[in-house]
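First to last, the sequence lines map onto chains H and U.
All residue numbers for the first sequence refer to my numbering, where the first residue is 1 and numbers rise by one.
All residue numbers for the second sequence refer to my numbering, where the first residue is 190 and numbers rise by one.
Hint data in this document are derived by calculation from the structure and do not stem from the laboratory.
A portion of the hints provided could be inaccurate.
Claimed, not checked - Just some of the chain H residues that point at chain U, by a computed CB distance under 8 Å: (1) Lys47; (2) Ser60; (3) Leu61; (4) Ile62; (5) Arg63; (6) Tyr65; (7) Glu66.
By construction, the Cβ of each residue, glycine as well, lies at the ideal position given by its N, Cα and C atoms.
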Amino acid sequence: MTTFKFSKENAERVKEILIYYPPDRKASAILPLFELAQRQCGGWLPKEAIEAITEMLEVSLIRGYEVATFYTMFNLQPLGKYHLQVCGTTPCMLRGSEDLKGVCKRHLGIENKETTKDGLFTLTEVECIGACANAPVVQINDDYFEDLDEKSFLKILEDLKADREVKPGSAIGRQGSAPERRRDHAKGK
Amino acid sequence: MPKLVIDDKEIEVPEGMTVLQAAAGAGIEIPVFCYHPKLSIAGNCRMCLVEVKNTPKPVASCAMPACEGMVVHTNSAMVEKARKGVLEFLLINHPLDCPICDQGGECDLQDITMAYGRTSSRFDLNKRAVPDKEFGPLIETAMNRCIQCTRCVRFSSEIVGIPELGAMGRGEDMEIGTYVQKTITSELSGNMIDICPVGALTSKPYSFKGRSWELSHTPSIDVFDAVGSAIRVDTRGREVMRILPRQNDEVNETWISDKTRFAYDGLKYQRLDQPYARGEDGLLHPVGWNEAFSLIADRLQHVSGNHIAALAGDMVDAESMVALKDLMISLGSPHIDCRQEGSSVGVGPRCSYLFNTTIAGIEQADFCLLIGTNPRWEAPLINARIRKNYLFNNLSVASIAPIYPLGYPVKDLGDDPQILEKILKGKHPLCSALKAAEKPMLILGQGALRRADGDVILRLTQEIADKYGFVQKAWNGFNVLQTVASRVAGLDLGFVPDPKGYGTQKILEAAKKKKIEVVYLLAADEIDVKPLESAFVIYQGHHGDRGATVADVILPGCAYTEKEGTYVNTEGRVQKTLKATPPPGEAKEDWKIIKALSDKLGLSLPYATPKEIQARLVEVNPLFDEVDRIQPSSWKPFGREGDVNPTPFEFAIKNFYMTDSISRHSRTMAKCVQQILGQEKVHA
Numbered sequence: 001m002t003t004f005k006f007s008k009e010n011a012e013r014v015k016e017i018l019i020y021y022p023p024d025r026k027a028s029a030i031l032p033l034f035e036l037a038q039r040q041c042g043g044w045l046p047k048e049a050i051e052a053i054t055e056m057l058e059v060s061l062i063r064g065y066e067v068a069t070f071y072t073m074f075n076l077q078p079l080g081k082y083h084l085q086v087c088g089t090t091p092c093m094l095r096g097s098e099d100l101k102g103v104c105k106r107h108l109g110i111e112n113k114e115t116t117k118d119g120l121f122t123l124t125e126v127e128c129i130g131a132c133a134n135a136p137v138v139q140i141n142d143d144y145f146e147d148l149d150e151k152s153f154l155k156i157l158e159d160l161k162a163d164r165e166v167k168p169g170s171a172i173g174r175q176g177s178a179p180e181r182r183r184d185h186a187k188g189k
Numbered sequence: 190m191p192k193l194v195i196d197d198k199e200i201e202v203p204e205g206m207t208v209l210q211a212a213a214g215a216g217i218e219i220p221v222f223c224y225h226p227k228l229s230i231a232g233n234c235r236m237c238l239v240e241v242k243n244t245p246k247p248v249a250s251c252a253m254p255a256c257e258g259m260v261v262h263t264n265s266a267m268v269e270k271a272r273k274g275v276l277e278f279l280l281i282n283h284p285l286d287c288p289i290c291d292q293g294g295e296c297d298l299q300d301i302t303m304a305y306g307r308t309s310s311r312f313d314l315n316k317r318a319v320p321d322k323e324f325g326p327l328i329e330t331a332m333n334r335c336i337q338c339t340r341c342v343r344f345s346s347e348i349v350g351i352p353e354l355g356a357m358g359r360g361e362d363m364e365i366g367t368y369v370q371k372t373i374t375s376e377l378s379g380n381m382i383d384i385c386p387v388g389a390l391t392s393k394p395y396s397f398k399g400r401s402w403e404l405s406h407t408p409s410i411d412v413f414d415a416v417g418s419a420i421r422v423d424t425r426g427r428e429v430m431r432i433l434p435r436q437n438d439e440v441n442e443t444w445i446s447d448k449t450r451f452a453y454d455g456l457k458y459q460r461l462d463q464p465y466a467r468g469e470d471g472l473l474h475p476v477g478w479n480e481a482f483s484l485i486a487d488r489l490q491h492v493s494g495n496h497i498a499a500l501a502g503d504m505v506d507a508e509s510m511v512a513l514k515d516l517m518i519s520l521g522s523p524h525i526d527c528r529q530e531g532s533s534v535g536v537g538p539r540c541s542y543l544f545n546t547t548i549a550g551i552e553q554a555d556f557c558l559l560i561g562t563n564p565r566w567e568a569p570l571i572n573a574r575i576r577k578n579y580l581f582n583n584l585s586v587a588s589i590a591p592i593y594p595l596g597y598p599v600k601d602l603g604d605d606p607q608i609l610e611k612i613l614k615g616k617h618p619l620c621s622a623l624k625a626a627e628k629p630m631l632i633l634g635q636g637a638l639r640r641a642d643g644d645v646i647l648r649l650t651q652e653i654a655d656k657y658g659f660v661q662k663a664w665n666g667f668n669v670l671q672t673v674a675s676r677v678a679g680l681d682l683g684f685v686p687d688p689k690g691y692g693t694q695k696i697l698e699a700a701k702k703k704k705i706e707v708v709y710l711l712a713a714d715e716i717d718v719k720p721l722e723s724a725f726v727i728y729q730g731h732h733g734d735r736g737a738t739v740a741d742v743i744l745p746g747c748a749y750t751e752k753e754g755t756y757v758n759t760e761g762r763v764q765k766t767l768k769a770t771p772p773p774g775e776a777k778e779d780w781k782i783i784k785a786l787s788d789k790l791g792l793s794l795p796y797a798t799p800k801e802i803q804a805r806l807v808e809v810n811p812l813f814d815e816v817d818r819i820q821p822s823s824w825k826p827f828g829r830e831g832d833v834n835p836t837p838f839e840f841a842i843k844n845f846y847m848t849d850s851i852s853r854h855s856r857t858m859a860k861c862v863q864q865i866l867g868q869e870k871v872h873a
């Protein structure tokens with residue numbers, strides 16, 4: 001059986017996280033530690049990490065497993081290098097998230113919860129990720145890619161495949177979630 | 190004390206009670222699934238919704254404290270609608286496979302749906318499917334039926350204290366399970382079957398064996414340990430189909446151990462159903478009762494009383510022990526013992542072998558010292574009480590014994606008996622905690638008393654108890670944890686050798702040297718039978734176990750489900766079993782066998798009816814008149830001065846699932862040994 005150990009840097013970070021919790025309530029640190037472990041393991045939380053962290057926090061294994069399965073953002077299976085979280089909730093759906101899923105299917109050959117054979121991409125359809133003004137939105141690892149359409153999404157995928165740098169944020173150059181067009185009519189014109 | 194009105198009834202309830210409890214007190218029924226009186230409140234099934242005046246929505250009565258001036262309705266139109274709605278949602282994903290479900294007929298969901306639910310379903314989509322889980326050899330799962338009440342999850346984390354079950358996933362995908370296909374290891378796991386309100390967790394050995402309405406119920410007492418749990422024996426015809434707990438808050442609350450619940454299949458195998466005698470060829474041959482008695486009478490004719498001995502087993506009732514004792518006295522033999530393991534303790538005052546604090550009394554203690562005991566295996570329900578006290582009052586527990594996870598934090602002091610001497614001299618770090626405790630208790634296990642220096646340890650422990658205030662005016666914190674059901678009755682009846690007589694060890698030695706010629710084994714199987722090969726052995730019992738292998742004459746007796754017997758539990762509580770099934774074949778009630786034998790020997794014992802033998806018990810010890818009650822015993826000195834042997838303590842029970850002739854022949858218990866103890870070994 002493989003074992004899980006926090007890297008040297010992360011072990012320091014663990015110490016820091018534990019400061020925020022009283023010693024008899026350290027079980028509450030389970031979420032930040034799982035998150036840290038997930039990051040260290042490349043986006044997923046292996047069984048060994050759950051075991052190591054529950055032992056560290058003196059929580060029973062089953063309680064740790066409950067937490068890990070309750071929160072959908074903990075991934076209990078290995079993922080591709082890029083985790084494509086396509087928002088499928090109403091605003092994004094109305095603005096074309098189905099098309100984005102179509103791109104994944106056509107160009108990557110993956111459906112929801114599948115990973116490409118080269119291990120680069122995993123597609124997950126998620127519920128609202130809170131960027132409705134810039135719908136449709138895809139979260140790729142830690143970054144939001146907004147105002148996408150088939151073309152711009154495909155370009156991002158191609159760039160990622162070719163290991164080129166991609167720019168997070170709006171694909172149509174919108175600033176934050178400001179109005180898409182100048183709202184001249186508001187000035188009476 | 191708040192006063193409130195429930196369904197136009199004005200009631201006053203103690204502070205801190207919930208609306209549900211208040212209603213139950215007033216005799217008003219509110220249906221529940223997730224609420225259980227012995228578990229914490231979860232409030233997730235929503236079945237107990239009631240209407241409270243001036244609240245806009247229905248309220249979960251199990252979690253709502255009863256407050257002054259509350260006006261509650263449990264049968265208004267709003268409540269009726271809420272109940273129908275809740276049930277309709279619960280049944281959306283319930284398979285409705287009642288005709289093939291073992292819970293059918295005793296299912297809360299079935300009953301409550303009949304009483305409060307809609308007549309038909311409006312749901313015409315696919316139901317969800319949940320894979321069944323593997324919970325080991327005792328619990329069968331059908332997880333499609335689960336309604337996520339989480340009673341089993343709360344049971345394993347609260348009552349057992351070793352959380353093994355949890356709710357995985359969320360929302361519609363929530364499932365109850367163990368951590369990555371792990372078997373449940375608790376000795377109390379069978380209780381999850383009882384508390385499951387639906388058929389998701391059912392008994393594996395009983396699966397598809399019977400229907401609840403076909404069974405006859407007999408209230409009785411358990412004899413697999415010395416706790417004396419209240420049980421209900423369910424039978425169909427001559428067969429014991431299953432064993433369930435009865436509520437007795439003084440002893441077992443509503444729980445029983447897995448051995449109590451599941452070892453009953455041992456009653457079907459390897460039974461002695463007729464008398465046997467060893468022939469010239471060295472093999473046992475079936476004989477009639479008369480022939481068996483004649484053989485014994487012939488053999489005894491030429492033997493003086495001093496060469497006869499008797500040993501009583503771990504599951505025998507008081508009646509047969511007093512009869513055998515009287516018979517041995519008539520035969521002139523002083524060599525009797527009920528302590529098969531060869532211990533020398535138990536001859537002192539009654540307080541020296543009882544659990545004086547009482548099981549319910551554990552809840553008042555504020556410190557507990559375990560000495561040479563593993564209560565989780567020796568008395569799972571006493572362990573559950575200690576756990577309960579830890580949970581509610583944060584009881585501190587320290588242990589002088591090998592390490593074993595008990596389900597609550599234990600300060601491990603090591604397994605060296607000499608620690609006791611240090612504690613007595615005040616030279617141990619634990620002493621300050623002992624001095625500070627107001628109601629300290631200690632539990633002295635058989636692991637400490639079975640040793641050759643058992644009575645020295647007994648004295649030492651008494652001195653510790655005296656020094657640190659374990660015994661006060663209304664509190665006796667000195668406890669001996671007996672492990673076998675017959676022991677306290679045996680000691681109360683004086684089934685021990687008088688000063689001239691031999692104890693177990695000496696009887697075996699003398700038998701080897703042929704000084705003891707005849708040995709009467711009353712279901713005594715836990716001894717080394719090898720030395721008895723040269724003696725004439727009369728074995729009376731219900732199983733062809735160790736004792737029967739060396740027997741020259743076998744007299745078939747009754748198991749605990751087949752007779753009315755008196756047992757005294759480790760607290761000194763006199764309890765009676767009832768006859769649930771007839772014994773197999775020609776087997777007879779044990780004390781009647783001894784009585785019949787005494788007639789044959791011309792030493793007629795002066796009792797022939799159950800009433801008369803009861804009178805004889807009371808004559809020998811008046812305590813037997815006090816059924817279901819505990820007589821406090823006075824505190825007197827006991828034990829022996831001497832030196833403590835530094836050999837570390839060992840546990841008295843090495844294998845929880847097989848401790849006696851019944852559980853050794855139980856296939857269910859064999860599976861437990863293989864799968865549960867086997868798994869623990871792998872994990873250790």
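Taking the hints in turn, this is what the structure says about them:
no., hint, result
1, Lys47, "7 Å, holds"
2, Ser60, "4 Å, holds"
3, Leu61, "5 Å, holds"
4, Ile62, "4 Å, holds"
5, Arg63, "6 Å, holds"
6, Tyr65, "5 Å, holds"
7, Glu66, "4 Å, holds"
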